Amino acid sequence: MKLGLVIDLDVCVGCHACAVSCKQWNTSGTTGPLTDYHPYGEDPSGVWFNRIRHYEVGDYPNNKTINFPMSCMHCEQADCVDVCPTGASYKRAEDGVVLIDQDKCMGCNYCSWACPYGARELDRESGTMKKCTLCIDRIYDERLDPVDRQPSCVITCPAHARHFGDFDDPDSPVSRLVRERAGYQLMPELGYHPANQYLPPRLTRPVPVEDVKGKSLIHSVRDWVNKAVVR
Amino acid sequence: MHPAFSVIFFTVASGAGYGLFMLMVLARLFNAEGMNMGTMLSAGMLALVLISAGLLSSTFHLANPKNAWRAFFRFRTSWLSREGVFAVLFYPFALLYLLLLWVLDNQNSTIMSGIGVLALLLALATVFSTGMIYACLKTIRQWNTALTPANYLLIGLATGGVLLVMLIMMNGGRGSSVAWLAGTLLLIAGITKAVYYFWIRTVIGPSINTATGFTRAQVRLLDTGHTAGTFLTDEFGYQADPQLLDSLKYMVFIFGFFLPACFMAAVFAGAGGWGSALLAALCALGGIGVERWLFFAEARHVVNLYHGAQRT
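Chains as they are written, first to last, in our numbering: chain U, 1 to 231; chain V, 1 to 312.
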């Protein structure tokens, strides 16, 4: 089995719900807590397994905003595991999930240097490295309904931009999505062979704007008044 | 990359220590001038002090040092683990070598030489592993080169050579043959460092386009998604002023290579006392300290692409 995620960049709205639900589930999960530093201070920071960045692709007027969630890619060639001197980082043979044994980690940061995707973050409180577990404490829990045996981020996503499944099975929904929507891996030139794949935005016809009427006089006056009045 | 002081001190001090020990064993093996009992013992002791201080300092950057003993267990895949194993294996051979020298009262013996060569090989393996820790990372293109372990080995040997010349002169020797070797090593180390600095100027490696997969248009960061710094920005986001980097490179070549090499040439010609040898050693170690700081400060991890860098 090769478990991983498919992330649909066409429908991701960048709401950060996946990151929040990930934090909520995993802070009390197997590698929790996900420590927060000064949560009520001026510069709240902390450990996250999932981060969303926002990019602009192309130049105006042919530009597009892309919301870009990233977590551990559970790479086939996981250098983070190879470089770990203590054996705390390991890749499960049965499903390819990369995990960190919190009891063995010495906090040398070396695995985070080897990760190109920024998936690993040191918890300054515990002094150990932490990362996405693909909700390993959820996906095999037989007390949960089958539909709930998925990573927390996948269940939470309101736009259905996240899909979880087995890439070794050519008929699984994730394999089909990658095949049909031309899914791709990030930074393939480094040779990590990440399991997670990204679906590019669909090609759509441009919306014609030539026939859109300009502003009427009353609208222009109202806009000017709104700007002029100091509230 | 964030230049951590503990790692800079570790690589400079233990590199010089291993270099000093290697050259000491070699010089003794070839019966170089000035390798008397006093030089041997003081060189051995200084090497062990430098190595131990460096190794101790390297544990200060661990966030969870109580698990440091586990670092010897992934010898098969991890260069960090290999470095630790070689570093620890070096100690018994190095101590036994110095003990035999003392017990045999400065007489040469085959067993002593054999143990010395074993310690030399382990020292070589340790410094090579230190270089490979950085060179094996595909994520940092400034490090992912054969020049990295070559630089670590040559600079370790060169600084060790300068220290050995200093100790020979302190113990009443002339040190001309070792000075010739140290000067040559400084020259070669300086040239490979110059090759390295020219090589990293070329822009290669991943871009923000391959990092996001959008290779058909320009990609710009709109928002990183966090307001305060994160582990990733703290660890990998370090950026120094390019002008400062360039002026520090002059310092590396002047203090790290040129001035010590000039002094070695003077010793070879028969001039200078041990006081100026000490000055040359301090000069070399200071210059190499700057070199090591630059090694970290100039390294650009690919994760910076996700935070808006266009190229690494």
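Hints are supplied without guarantee of correctness; some may be wrong.
What the hints assert, rightly or not - Per the computed footprint, the stretches of chain U lying under chain V, defined by three or more beta-carbons under 8 Å from a beta-carbon of chain V, are:
{"hint": "1", "segment": "76–88"}
{"hint": "2", "segment": "126–138"}
{"hint": "3", "segment": "152–161"}
{"hint": "4", "segment": "169–180"}
Stated by the list, open to error - Listed next, the in silico DSBU-like pairs over lysine-lysine satisfying Cα-Cα at most 35 Å (straight line):
{"hint": "5", "chain 1": "V", "residue 1": "249", "chain 2": "U", "residue 2": "104"}
{"hint": "6", "chain 1": "U", "residue 1": "215", "chain 2": "U", "residue 2": "227"}
{"hint": "7", "chain 1": "U", "residue 1": "91", "chain 2": "V", "residue 2": "66"}
{"hint": "8", "chain 1": "U", "residue 1": "215", "chain 2": "U", "residue 2": "64"}
{"hint": "9", "chain 1": "U", "residue 1": "91", "chain 2": "U", "residue 2": "2"}
{"hint": "10", "chain 1": "U", "residue 1": "2", "chain 2": "V", "residue 2": "249"}
{"hint": "11", "chain 1": "V", "residue 1": "138", "chain 2": "U", "residue 2": "104"}
{"hint": "12", "chain 1": "U", "residue 1": "64", "chain 2": "U", "residue 2": "213"}
{"hint": "13", "chain 1": "U", "residue 1": "64", "chain 2": "V", "residue 2": "66"}
{"hint": "14", "chain 1": "U", "residue 1": "91", "chain 2": "V", "residue 2": "138"}
{"hint": "15", "chain 1": "V", "residue 1": "66", "chain 2": "V", "residue 2": "138"}
These aren't lab readings, by the way, just hints derived from the structure by calculation.
All figures in this text were calculated on a predicted structure; none of them were measured in a lab.
Just so you know, even glycine gets a beta-carbon here, dropped at the ideal spot from N, CA and C.
So, going through the hints one by one against the coordinates:
Counting residues of the segment 76–88 of chain U whose beta carbon lies closer than 8 Å to any beta carbon of chain V gives 9, which reaches the threshold of three, so the coverage claim holds. Interface restraint, the segment 126–138 of chain U with chain V: holds (3 residues with C-beta to C-beta distance below 8 Å; minimum three). Check result for the segment 152–161 of chain U against chain V: violated, 0 residues qualifying (beta carbon to beta carbon below 8 Å, three or more required). Check on the segment 169–180 of chain U: 0 of its residues sit with their Cβ under 8 Å from a Cβ of chain V, so the three-residue criterion for coverage is violated.
Note on residue 249 of chain V and residue 104 of chain U: the hinted pairing is violated, with a Cα-Cα distance of about 40 Å set against a maximum of 35 Å. A threshold of 35 Å between alpha carbons decides the hint, and for residue 215 of chain U with residue 227 of chain U the separation of about 16 Å falls inside it, so the pair holds. The hinted pair formed by residue 91 of chain U and residue 66 of chain V meets the criterion: a straight-line CA distance of about 24 Å does not exceed 35 Å. Between residue 215 of chain U and residue 64 of chain U the alpha-carbon distance is near 25 Å, which keeps this suggested pair within the 35 Å criterion.
For the suggested pair residue 91 of chain U and residue 2 of chain U, the alpha carbons sit about 11 Å apart, so the restraint of at most 35 Å is met. For a cut-off of 35 Å, the pair hint linking residue 2 of chain U to residue 249 of chain V is broken: about 47 Å separates their Cα positions. Annotation: proposed proximity of residue 138 of chain V to residue 104 of chain U holds, straight-line Cα distance about 25 Å (limit 35 Å). A threshold of 35 Å between alpha carbons decides the hint, and for residue 64 of chain U with residue 213 of chain U the separation of about 24 Å falls inside it, so the pair holds.
Annotation: proposed proximity of residue 64 of chain U to residue 66 of chain V is violated, straight-line Cα distance about 49 Å (limit 35 Å). Between residue 91 of chain U and residue 138 of chain V, the direct Cα distance comes to roughly 19 Å. Compliance with the 35 Å bound is thereby established for this hinted pair. Between residue 66 of chain V and residue 138 of chain V the alpha-carbon distance is near 29 Å, which keeps this suggested pair within the 35 Å criterion.
The structure shown violates the earlier hints numbered 3, 4, 5, 10, 13.
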